[in-house]
Structure formats: C-alpha cells, structure tokens
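First residue of the sequence shown? That's 6 in our numbering, and the numbers climb one at a time after it.
No wet-lab data here; the hints were simulated from the structure.
Even glycine gets a Cβ: it sits at the ideal position worked out from N, Cα and C.
The reader is advised that the hints may include incorrect statements.
With a straight-line Cα cutoff of 27 Å, these simulated DSS-like cross-link-like pairs (lysine-lysine) come out [said to hold, decoys possible]:
1. K52 <-> K177
2. K180 <-> K56
3. K177 <-> K63
4. K56 <-> K136
5. K136 <-> K92
6. K180 <-> K88
7. K92 <-> K177
8. K63 <-> K88
Estimated spans, in silico, between C-beta atoms of each pair [to be verified]:
9. D145 <-> E166: 16 to 26 Å
10. E47 <-> E166: 31 to 41 Å
11. D77 <-> N42: 35 to 45 Å
12. Q178 <-> V71: 25 to 35 Å
13. L87 <-> Y151: 12 to 22 Å
14. Q106 <-> L171: 22 to 32 Å
15. A38 <-> L181: 10 to 20 Å
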Amino acid sequence: MMDTLMVILTVLLLIGLRQGAQSIDQANHSRDADLLNWAMGEMDELKESIKIVTDAHKREPYCTNVQDLSEDYVSNWNDEELKAANKVSIGLQRIGYYASQNLVSKKHYLNLWGPSYLSCWYSLESWVKHKRLKLEEPLDIEDGAYSRRYFEYFAEYCEMELPDLLYDNTRKQFKLPPLPRVKGVRRYLKRLALRFKSQNLT
C-alpha cells in the first residue's frame, strides 16, 4: 500500500514538474517575442535615419582615417546627417545592450538585422570614436571606452557570426577589403574573448 502511494506521489510530482517547466518555457517564449517586437519597432523607427547615415558615409565618410581625428575635427556631414548619426547610435546602443545581456536573442536579431547593424557601425565608427575623443575617453572599448560601447560590441558579434556571404557583401557595399574569417580553434577562442568582453561591459 505504501509503495503504491509513493509511486502515485512520484508520478504526481513528475507531472507537476513537467507542467512547471512548460509554463517557464511559455513565459520565456512570450518574453522573447515581446522583446523581438520591441526591437522591430526600434528598427522601424530608425529606418529613415539609418538610410541617411549610410548614404552619407557612401558619399563621404565622417572621417577617412580615425588616426587623423582630433577634438576640433570638423566633418563635412551636414546637420541632418549628424542628428541621424546621434539617433542611430543611441538606438543601436540600446539594442546592443539588450543583446549583450542576453535580454533579446542575439541569434534572432542577427538573422533579421545583422547586415543592417554592421552597416551602421561601418558608417558611424569614426563618428563614435570622435565622440569618445571629445569626451576624453579611450578610442576602443578594450581600452575602457564607455560611449556607445554596446553598439561597438554587438557590431563585433555580427562580424564574427554573420554567414560569410552576408559579411563579405556588407563589406563590399562600403568598399572595405575582404577579411579572412577566423576558423576552427581560433574562431572558438575569439568567441570566448568576445563573451568575456560582454561580461566586462556590465
């Protein structure tokens, strides 16, 4: 009798655990869907500004050589393009933060907007580094730069994880030379380094 009771209780416990796990999965899926919808809304709102900054860069980069930047550097970008640069960098900084903290699925975002995100970084990298220079920050996040650091981090993630064809095509659009993709053990080590970097951003 006691054995039968224990079996029944065990079965009921297992059923309860399974239902609990299913409820957690459903809650996670619902949260992921909500965050993805938020990201879609953000990208829709930035669409016009993204076109402005990428077109501006293709016409004339904000700065052709980051090493030439100084605090008093003046770009030929007009006011509309500079305002768009600020708006896009803030929006993608926000999305980069959510991605680096795993609050929004990196994989889903990469699949939907990876090339667009990377295009924005290629267009705005010198703008971001000039902003850091004016704020007396290091130019790179490895050296402690703070401004737009999540924007830069997720751009590096996109460079690492985009399929080769998409990555190469994105670089071609900006007349950037192709870069060999890291393979095998070196790719694994670079992923670890990128993960470590994301942890240090918090």
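Structure-based check of each hint:
1. Using a Cα cut-off of 27 Å, the hinted pair K52 and K177 holds, with the two alpha carbons roughly 21 Å apart.
2. A hinted pair counts as satisfied when its Cα atoms are at most 27 Å apart, and K180 with K56 qualifies at roughly 17 Å.
3. With a C-alpha separation of about 11 Å, the suggested pair K177 and K63 falls inside the 27 Å cut-off, and the hint holds.
4. A hinted pair counts as satisfied when its Cα atoms are at most 27 Å apart, and K56 with K136 qualifies at roughly 21 Å.
5. Distance check on the hinted pair: K136 and K92 sit about 14 Å apart at the alpha-carbon level, within 27 Å; holds.
6. Pair hint K180 plus K88 holds up; C-alpha atoms about 24 Å apart against a cutoff of 27 Å.
7. About 25 Å separates the Cα atoms of K92 and K177, which keeps this hinted pair within 27 Å; it holds.
8. Pair hint K63 plus K88 holds up; C-alpha atoms about 17 Å apart against a cutoff of 27 Å.
9. Checked against the hint of 16 to 26 Å, the pair D145 and E166 passes, with Cβ atoms roughly 20 Å apart.
10. At about 20 Å, the CB distance of E47 to E166 disagrees with the hint of 31 to 41 Å.
11. Remark: the range hint 35 to 45 Å for D77 to N42 is upheld by a beta-carbon distance near 43 Å.
12. Checking the proposed 25 to 35 Å range against Q178 and V71 shows it is violated: the Cβ atoms sit about 20 Å from each other.
13. Our hint of 12 to 22 Å for L87 and Y151 holds, since their Cβ atoms are close to 21 Å apart.
14. Checked against the hint of 22 to 32 Å, the pair Q106 and L171 passes, with Cβ atoms roughly 25 Å apart.
15. Checked against the hint of 10 to 20 Å, the pair A38 and L181 fails, with Cβ atoms roughly 35 Å apart.
Violated hints, listed in ascending order, are 10, 12 and 15; each of the other numbered hints is respected by the structure.
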